[in-house]
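Engineer: Keeping the supplied structure of chain S fixed, place chains W and L upon it in accordance with the hints.
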Amino acid sequence: MQLLQGLRNHIGLVPNPVSQATRQARSRIRGAEVSISVCPYCAVGCSQLVYTKDGRILDIEGNYESPINGGTLCPKGAATWQLIHSPLRELRVKYRAPYSDHWEERSLDWAMERIAQLVKQTRDATFVHRDENGLVVNRTLGIAHLGGATLDNEENYLIKKLFTGGLGIVAVENQARI
Amino acid sequence: MPGLGARLGRGGATTTLASLAESDCIVIMGSNMAENHPVGFRFVVKARERGARIIHVDPRFSRTSALADLHVPIRPGSDLVFLGALVNYVLNSERWNSDPFFREYVLHYTNASVLVSPDFRDTEDLAGVFSGYDPQQHRYDPSSWQYAGRVQPLDGERWPCRPRIEPERDPTLQHPNCALQVVKRHFARYTPELVEQACGVPRDLFVEVADTILANSGRDRTTAFCYAVAWTQHTIGTQIISCCALLQLLLGNIGRPGGGILALRGHATIQGSTDIPTLFDLLPGYLKMPQAIPQHATLADYFAHERPATGLWYDMPKFLISLLKAWYGDAATPENDFAYEFLPKIGGDYSFQSILTMMKDGIIKGLFVMGMNPAVGGQNARLARQALANLDWLVVRDVHEIETASFWYDAPEVRSGEVRPQDIKTEVFFLPAAIAAEKDGTFTNTHRLVQWHDKAVDPPGDARSEAHFVFQLGQRLKELYAGDESPAGRQIAALTWDYPTVGPHQELDLMAVAREISGYRVSDGRPVAGFQELADDGSTACGCWIYSGIVTPEGEHRAKRRRGDDRASLDWGFAWPANRRILYNRASADPQGRPWSERKKWIWWDPEQQRWVGYDVPDFPASKPPDYQPPPGARGLEAHPGTAPFIMMLDGQGWLFVPRGLLDGPLPTHYEPWETPVTNPLYPAQPRSPVAPVFLRPDNPYHEIGDPRYPYVITTYRLTEHHTAGGMSRWVPWLAELQPAGFVELSPELARELGITTGDWVVVETARGCAEARALVTERVQPLVIAGRTVHVIGMPWHFGFGGLATGGIANELAALVKDPNSLIHEAKSFTCTIRKGRLQEGVVR
Amino acid sequence: MNSESTLVGRTRARPGAFGFLTDTTLCIGCKACEVACKQWNQLPMDDFGFTGMSYDNTGDLGATTWRHVAFIERVADRQGRRPTRLQPFQSHWLMLSDVCKHCVNAGCMEACPTGAIIRTEFDTVVIQQDVCNGCGYCVPACPFGVPALSPLDGKAHKCTLCYDRLKDGLEPACSKACPTDAIQFGPVHALMDRAKARVAELQAQGVDARIYGDEALGGTGGIGGLNAFFILTAPPEVYNLPAAPELPQRRVLPAFLTTALAALVLGVATLLSFWRTKEVRHG
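Residue numbers (my numbering), protein chains in the order written: chain S, 1 to 178; chain W, 1 to 846; chain L, 1 to 283.
Same shape as in the complex, but just chain S (with noise of 0.2 angstroms):
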């Protein structure tokens, strides 16, 4: 029997030819670091143990230890290293002028210097320190946000705080709603 069995791993009479890769197979996040993460799909909040080389993430799967999750995860979840390598990610700043029909690229910093100039213009052109009533409101009803359930919490406290408590803005909203 016992002779049997170890016929199954051969061809006839040869033993199976173990090719050097098989032999040398191992699994990838063999020394890998690990960072812990949280999905960022839904709200089921499952741990994810993110393995790292030279800066590069390797793989992202369930964390054993999670109460929640228990190391499993949906396919969103089991998705997320391809989010994050997505062949059709975006990692540069695109503009597009007003009437154009053409992004153009721009530097981040040119960016961020044009938005905040917007912003300031936008907001001179529409602050209300009193209502018609005579309340002091301190408020521009010019600017918006839109977004928060996808960031993280203290990304809404950040953004709540400066756009609403430093800049006056109201309109600002989330997913909450939609």
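Since the hints were made in silico from the structure, they are not lab data.
From a predicted model like this one, the values you see are computed outputs, not experimental measurements.
Note that CB positions come from ideal geometry on N, CA and C, so glycine has one too.
Among these hints, one or two may not hold up.
The calculated PhoX-like cross-link candidates involving lysine-lysine, where the alpha carbons are at most 25 angstroms apart (straight line), are [what the hints assert, rightly or not]:
#1 Lys-46/W <-> Lys-478/W
#2 Lys-120/S <-> Lys-318/W
#3 Lys-560/W <-> Lys-601/W
#4 Lys-196/L <-> Lys-46/W
#5 Lys-560/W <-> Lys-53/S
#6 Lys-120/S <-> Lys-837/W
#7 Lys-53/S <-> Lys-167/L
#8 Lys-600/W <-> Lys-46/W
Per label pair, the in silico range of CB-to-CB distance [what the hints assert, rightly or not]:
#9 Glu-33/S <-> Ala-622/W: 37 to 43 angstroms
#10 Gly-206/L <-> Pro-135/W: 53 to 59 angstroms
#11 Asp-153/L <-> Arg-28/S: 17 to 23 angstroms
#12 Glu-554/W <-> Gln-24/S: 45 to 51 angstroms
Structural biologist: Structure of chains W and L alone, referenced to chain S:
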């Protein structure tokens, strides 16, 4: 959010995903949990393996139904009839009236015994409206909804507080005006027959659901409800959820393991972005944004009108003043009202749908969009794109070039030649964003659990975090406004904005932001241990009081704790408030503080230690004994007796009858969706919500009730394989291939009538617009018989758009701007449409 | 109903063999297994398109899809009536995550002329990419239609049962990701014991459950059982699985004998024909 908040005190899920495994019965309604929260659903499977009954009430037979014990097909938009009938069935059942558990729970933990004002008139008395309705303004004056003996009883107890008045009660629960009897009368017509007529659910099936829930609630058993946006996205969404809270209070399922109401949310931190709100009407920690009204003119005015005398909200000044100190630092002093004037005052509704119309009408000129795709996710999508095209400038920050960034050259109307890019003035910036694994920070999950994610690598190219963007923008603006003494200049100058930066991209140190959110002593910067340490004299600063204590005095971020166990996992992350996992868990013990049963014990009073002990952090003052009675004149939580589990509420009780906090009535009432093929069987004269905010404008036409041009009910939803408006999935090849194209699901019965077969192109149409999709004919969708006539339902996933790999017509082209008055959430789960075989003109949609 | 398989539940897998138990009754059709597999093995997306076959748009196992979730809608009865009271766990919308069966006696391996396909120390069947020459003999040799030639590199590909992960003591990507533990990984004998207990439990609850992949069902015809086996609630054909697969090599001896017989008959006939020709000539 107000659906749970108005009755229980907080809008968050009352329980956790893991606690579902301890349920004896799980009702999933208004949610397709297996598809949209697959990993959360594993706890449902666990419960099933332990013998729990799984009930799925849903118009479609979905992947959730496939794993359920009962699938109850229901007409979209009729959920409140079903829930109301459960309330009625329970109240009249033998079990509920004979088992002392229910009476004890309801008598002590709810306002069942309180007498309601004799001025109150029910919808049953007034043909579909409550007393106080103003038909001109489409608004309610809630003064007749108050407790007996007071005109404005709850308002009269504001700060500076008058003596607390005990409302009149009838502990026998027999008085015709006690809350329980009012509720009972209100729902008397919500019968199994009405369910059959309005929901299309056979009577015996409804009774089976009701009996199952009833049999699995009580001292020794608990039933949980799971819902998602299929309850929320209705003009009466808040009341649907509130009706569930009412039912779960009656059944004694709140605050207990395996019980409760689990709100299943769909974005990584949609809970967090409500707690620390990027929402127009809230400040962090559910403090109300001050309004441009005399009652909010000064900080003292604000407190005088917003601060209650009793309950935890009595401490509101500590929370708001600490927030002002966090935002305005040294510029916030007791002398200047802690810089309260710099908080902008809101003067209207600036919620999402209003923002769209304000853009289109030229009021809003500049827009930031961060990780959101309103060109696909915005109702009346054509209007949404016109709104984008009317902006002076638009900043889109995302991972992919989503439709919101590409509308000016790629939208259907541009492709068709109706609009040319040369006609669109908007100056558009696309800035690439970082993803969670590329930045430090926290998400708050669906059950209020805050978890930290580590930065594993630097974001590539120009990609940066939103924190980086907002911080840099703030710095540049501070520079631009330097020396500006105008009110606008002084506002930005007062803001504290000095965070340390780290790394090659000068990312700001997120721990510094976290410490500010958690709160600290102003004198020496030491983190506070929790909101109990916050003060109202300016000596503490705290960015969000409900997250207070998330950074310990030793400097540890508790969201980084990662020691789970198989019970409450108190050392895995941090659940607001104060790391409590099951909310209102005082109710897991009986009025005397003993566990209701061994099987369902969670926290209980230990007379030895004189403390509440158990598996969780008590959601209750830890050393307040069960027999505590408040002394006269007591304030805050001291005004609540030892039997009051709902600490955020004025009286510490769950509200069966809601005297304040809801704009459309103190009790849930069935109204038809704004667009419906059938009439309201209860109130033919008042078929729709009398107070739903509508947008009466030519670019947002509505269908009349029963409009023969739009005979079908359409409902929209998500698929496992995609995420929201698609920005994180339709561009990702592994996800795109799983669901590569937009489709509509329709029954074989309707398909036969219209000559449609699977794979055909179809066009779905409403007065707002058209969407093209492939047909998927399936028995999982079924026609329902409503009041003797057949109503066909069409289902359409709303993920798709014209960009990315997986494309399809935008479902939101079809939806209208109309919403719930409380939550301001739109109605996308039920409206009317027509469908035909064929295509839109060639080239309009890919 | 007790099928023979649940009573027998036997395979010829050797001690120490590892495999999968895919329990369809727990499957929610989320496709996490498909994506987790693609992620770990870095497989590209397939040919792309809307199929209209329920929620299945990847169609079949292939060179770039090594886990595939099949969707079978069996919702209404003949009168078009939809069910409301359902049997426990998955029913009426059947979902099955298909995968290479890692047969105890593997047709592909026996057909492979280059020795590219080996049986590993885990008793799993792996195609060595550095040996495979793309001859494609394994493709028809598999009774389940698992291996496929990739148009990208011309070689044969299929599930490796995460050979590289197993060597480092890691669980395969698909079973690890599966949210409901519908896919379980472990020693085949332990999984088989678990499967038998689960089937008995399901049957006690009135579910017509059965094991697919022992020597009674699915692992038949000389295959000797499947290291990756399944719990089904309908006949295998419903899931597009063969009820009685057979090793193609099993047909070698009968084919040889038939051929020999045919040759003999033909020979005799030829001889006879000469003889008859002679006769004719004589005639």
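Engineer: For Lys-46/W and Lys-478/W, compute the direct alpha-carbon distance and say whether it is at most 25 angstroms.
Structural biologist: With a Cα-Cα distance of about 54 angstroms, the restraint between Lys-46/W and Lys-478/W is violated, given a limit of 25 angstroms.
Engineer: Looking only at beta-carbon atoms, does the pair Asp-153/L, Arg-28/S fall within the given range of 17 to 23 angstroms?
Structural biologist: With a Cβ separation near 19 angstroms, Asp-153/L and Arg-28/S satisfy 17 to 23 angstroms, so the hint holds.
Engineer: Would you check the hint for Lys-53/S and Lys-167/L, treating anything up to 25 angstroms between C-alpha atoms as holding?
Structural biologist: Distance ~20 angstroms between Lys-53/S and Lys-167/L Cα, so the pair holds.
Engineer: Would the hint linking Lys-120/S and Lys-318/W be met if the CA-CA limit is 25 angstroms?
Structural biologist: Distance of about 33 angstroms is beyond 25 angstroms: violated.
Engineer: Verify the proposed pairing of Lys-560/W with Lys-601/W, using a straight-line Cα cut of 25 angstroms.
Structural biologist: 29 angstroms, violated
Engineer: Could you tell me whether the CB distance from Glu-33/S to Ala-622/W stays inside 37 to 43 angstroms?
Structural biologist: The hinted range 37 to 43 angstroms holds for Glu-33/S and Ala-622/W, with Cβ atoms some 41 angstroms apart.
Engineer: Against the 25 angstroms threshold, does the CA-CA distance of Lys-560/W and Lys-53/S hold or violate the hint?
Structural biologist: The hint holds at about 23 angstroms.
Engineer: Range hint 53 to 59 angstroms: satisfied by the CB atoms of Gly-206/L and Pro-135/W?
Structural biologist: At roughly 56 angstroms between Cβ atoms, Pro-135/W and Gly-206/L fall inside 53 to 59 angstroms, so the hint holds.
Engineer: Just to be careful, I want the Cα atoms of Lys-600/W and Lys-46/W compared with a cutoff of 25 angstroms; is the pair within it?
Structural biologist: The hint holds at about 17 angstroms.
Engineer: Hey, Lys-120/S versus Lys-837/W, does the alpha-carbon distance stay inside 25 angstroms?
Structural biologist: 51 angstroms, violated
Engineer: Straight-line Cα separation of Lys-196/L and Lys-46/W no greater than 25 angstroms?
Structural biologist: Status holds; Cα separation ~19 angstroms.
Engineer: Take a look at whether the Cβ-Cβ distance between Glu-554/W and Gln-24/S falls inside 45 to 51 angstroms.
Structural biologist: About 47 angstroms separates the Cβ atoms of Glu-554/W and Gln-24/S, which means 45 to 51 angstroms holds.
Going through the hint list in order, the structure does not satisfy hints 1, 2, 3 and 6.
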